[in-house]
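Q: Read off the chains here:
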Amino acid sequence: MTSNRDRRVVVTGLGATTPLGGTATETWEALLAGRSGARPMEFDWVAKYELPVTFAATIATPPGDVLAKVETRRLDPSSQYALIAAREAWADAGKPEVEPERLGAAIGSGIGGVWTLLDQWDNLREKGPRRVYPLAVPMLMPNGPAAAVSLDLGARAGAHTTVSACASGAESMGYAIDMIRTGRADVVVAGGTEAAVHPLPIAGFAAMQALSTRNDDPAKASRPYDTGRDGFVLGEGAAVIVLESEEHARARGARIYAELASVGMSADAHHITAPEPNGSGASRAMLYAVERADLSPTDIIHINAHATSTPVGDVAEYNAIKRAFGDHTDDLTVTATKSMTGHLLGAAGALEAVITIQSIHNRLVPATINLDEQDPEIALNVVTGEHQKLPDGDIAALNNSFGFGGHNVALAIRSI
Amino acid sequence: MAQSEQEILEGLAEIVNEETGLDTASVEMDKSFTEDLDIDSLSMMTIVVNAEEKFGVRIPDSEVKNLKTVRDAVTFIAGAQS
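In order, the protein sequence lines correspond to chains C and X. So in full-length UniProt numbering, spot 33 of the first sequence is number 33, and the numbers just go up one at a time. So in full-length UniProt numbering, spot 43 of the second sequence is number 43, and the numbers just go up one at a time.
In case anyone wonders, no lab produced these hints; they're calculated from the structure. All C-beta atoms, glycine included, are put in the ideal place defined by N, C-alpha and C. Hints may contain errors.
Unchecked claim - So the derived list for chain X, only partly shown, Cβ under 7 Å to chain C, looks like this:
#1 T20
#2 G21
#3 M45
Said to hold, decoys possible - Here's a subset of chain X near chain C, in silico, CB distances under 7 Å, partners left out:
#4 T46
#5 V49
#6 I59
Said to hold, decoys possible - Simulated restraints, written as ranges between beta carbons of each label pair:
#7 K127/C x E63/X: 44 to 54 Å
#8 K127/C x Q81/X: 16 to 26 Å
#9 S62/X x K127/C: 15 to 25 Å
#10 E18/X x E26/C: 22 to 32 Å
#11 T75/X x R252/C: 20 to 30 Å
#12 L124/C x S62/X: 15 to 25 Å
#13 Q6/X x K127/C: 23 to 33 Å
#14 E99/C x E63/X: 39 to 49 Å
#15 G94/C x K65/X: 45 to 55 Å
#16 R252/C x G56/X: 54 to 64 Å
#17 Q6/X x D217/C: 53 to 63 Å
#18 S62/X x D217/C: 36 to 46 Å
Using the sequences and the hints given, assemble the complete structure.
A: In structure tokens:
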């Protein structure tokens with residue numbers, strides 16, 4: 001595996017709309033304050049369908065507060081979130097001047113336009129085919145968010161959608177790195193989005209016993225690494241970054257947050273949902289990322305873990321980290337920000353990439369909340385209580401994302 | 001119940017506004033849906049279906065291509081109501 005950092009890829013803009021805030025900055029501040037985005041779901045369908053889980057990490061700022069009415073009407077919520085995050089990231093990057101043919105979009109989603117799909121199915125059954133909205137198909141298609149961002153920013157180098165369940169957002173950033181490295185684009189707007197706080201995915205995840213059922217105390221429900229963890233908390237939102245070749249960013253004098261140095265990917269080929277218990281697939285993804293970033297494992301000082309708060313998944317990731325880093329595992333500063341954000345599925349990897357970039361840029365790692373009694377099977381140095389400072393000088397971190405289907409994606413982020 | 005052309009125009013303008021975000025005042029009798037209001041065929045179908053519901057009429061798909069201006073639509077709806 002060779003690195004390809006002769007054309008370095010840097011981060012110049014951040015955007016996010018999440019359960020913790022309507023912007024990347026609001027989200028970051030809430031993370032430092034240790035706030036939970038989980039709350040009871042105030043929807044009539046929760047009682048109607050007698051859902052076994054009555055809370056979720058719902059979006060903090062409704063898209064209708066930000067977008068034009070016609071945009072909320074003609075876009076699925078997954079596209080609305082992506083558009084909000086992309087516009088923020090684009091403005092944060094200073095709206096770079098770039099030829100449309102050199103600007104790309106890569107926005108992943110795990111599930112796609114599930115609200116539109118099922119609303120229109122209801123329309124068909126209750127009112128007939130003529131009442132199916134003519135934009136139903138472009139709204140429900142999983143590439144809808146990438147297309148919406150491409151249209152909005154005039155990105156013509158390509159609009160791409162990676163779909164790998166909960167690794168989708170991270171994979172899209174890996175795809176964007178490749179677009180820039182291979183010379184297809186100078187600037188790529190990349191991220192992930194998900195709007196699946198809908199009764200069907202909730203019922204499905206609950207049926208597979210993946211969700212926490214701590215209905216009486218939502219803010220305490222997402223508790224990665226804790227002995228009392230009982231599943232993940234469903235979240236929603238989007239996170240998007242602006243990536244540029246370093247040359248392009250330097251030439252325009254852009255503020256650079258960090259280098260998105262590499263992506264490492266692998267597949268478990270083990271089971272459709274269960275992670276490989278010994279973590280060999282996930283550890284390969286981490287080591288590929290390290291190698292392609294021109295780093296040694298001991299150069300990594302921080303990991304923003306996938307850590308969803310499921311009993312099996314958190315241990316499997318620990319095994320993978322241990323396998324990849326050996327004795328250096330004890331020196332890693334680890335955090336599990338899903339304890340606050342919930343699990344944004346196809347947006348999770350993108351959001352955690354944004355958080356890792358903020359951590360490297362600000363040299364601060366947000367603490368993991370709800371970790372009262374650490375699982376003795378997970379010997380990681382997890383930040384709890386107060387956020388932790390990272391040292392000065394050259395530093396590097398990994399962000400892990402894993403998805404149903406056995407998808408493993410690790411992003412390496414270096415200070416600049 | 002038959003409505004006046006003015007009432008139909010106002011109702012149609014609300015439907016166009018909801019679907020496209022265009023100001024209701026811009027929906028004038030002599031405006032062309034495609035050339036002046038920049039309404040594409042997908043939006044036009046939504047407007048037609050919503051107009052059927054709002055005005056209690058049936059607008060056959062074969063008729064939609066003849067509704068070039070706002071006046072064409074208002075006239076058709078008024079005729080179908082009477």
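Q: So, for every hint listed, does it hold in this structure?
A: The hints, checked one at a time:
1. For T20/X, the interface hint holds, the least distance from its beta-carbon to any beta-carbon of chain C being 6 Å, beneath 7 Å.
2. The restraint placing G21/X at the interface with chain C holds, with a minimum CB-CB distance near 3 Å, inside the 7 Å limit.
3. Taking 7 Å as the C-beta contact cut-off toward chain C, the hint placing M45/X at the interface holds, the least distance being around 5 Å.
4. The criterion of a C-beta within 7 Å of any C-beta in chain C is met by T46/X, whose closest approach is roughly 5 Å, and the hint holds.
5. Annotation: V49/X was flagged as interfacial toward chain C, and the flag holds, the nearest CB pair being 6 Å apart, inside 7 Å.
6. A cut of 7 Å between beta carbons decides the hint on I59/X: the least distance to chain C is about 10 Å, and the hint is violated.
7. At about 20 Å, the CB distance of K127/C to E63/X disagrees with the hint of 44 to 54 Å.
8. Restraint check, K127/C to Q81/X: a C-beta distance of roughly 21 Å satisfies the suggested window 16 to 26 Å.
9. Evaluation of the 15 to 25 Å hint for S62/X and K127/C yields a pass: the beta carbon distance comes to about 21 Å.
10. Between E18/X and E26/C the beta carbons are some 31 Å apart, a value that agrees with the proposed interval 22 to 32 Å.
11. A beta carbon spacing of about 55 Å between T75/X and R252/C contradicts the range 20 to 30 Å that was offered as a hint.
12. About 22 Å separates the C-beta atoms of L124/C and S62/X, a value consistent with the hinted range of 15 to 25 Å.
13. The hinted window of 23 to 33 Å between Q6/X and K127/C holds, with their beta carbons roughly 29 Å apart.
14. A beta carbon spacing of about 45 Å between E99/C and E63/X agrees with the range 39 to 49 Å that was offered as a hint.
15. Range check, G94/C to K65/X: about 46 Å between beta-carbon atoms, so the 45 to 55 Å window is met.
16. Taken as a hint, the range 54 to 64 Å holds for the pair R252/C and G56/X, whose Cβ atoms sit roughly 58 Å apart.
17. For the hinted restraint 53 to 63 Å between Q6/X and D217/C, the CB-CB distance of approximately 58 Å keeps it satisfied.
18. At about 60 Å, the beta-carbon gap between S62/X and D217/C misses the expected band of 36 to 46 Å.
Violated hints, in rising order: 6, 7, 11 and 18; the structure is consistent with all others.
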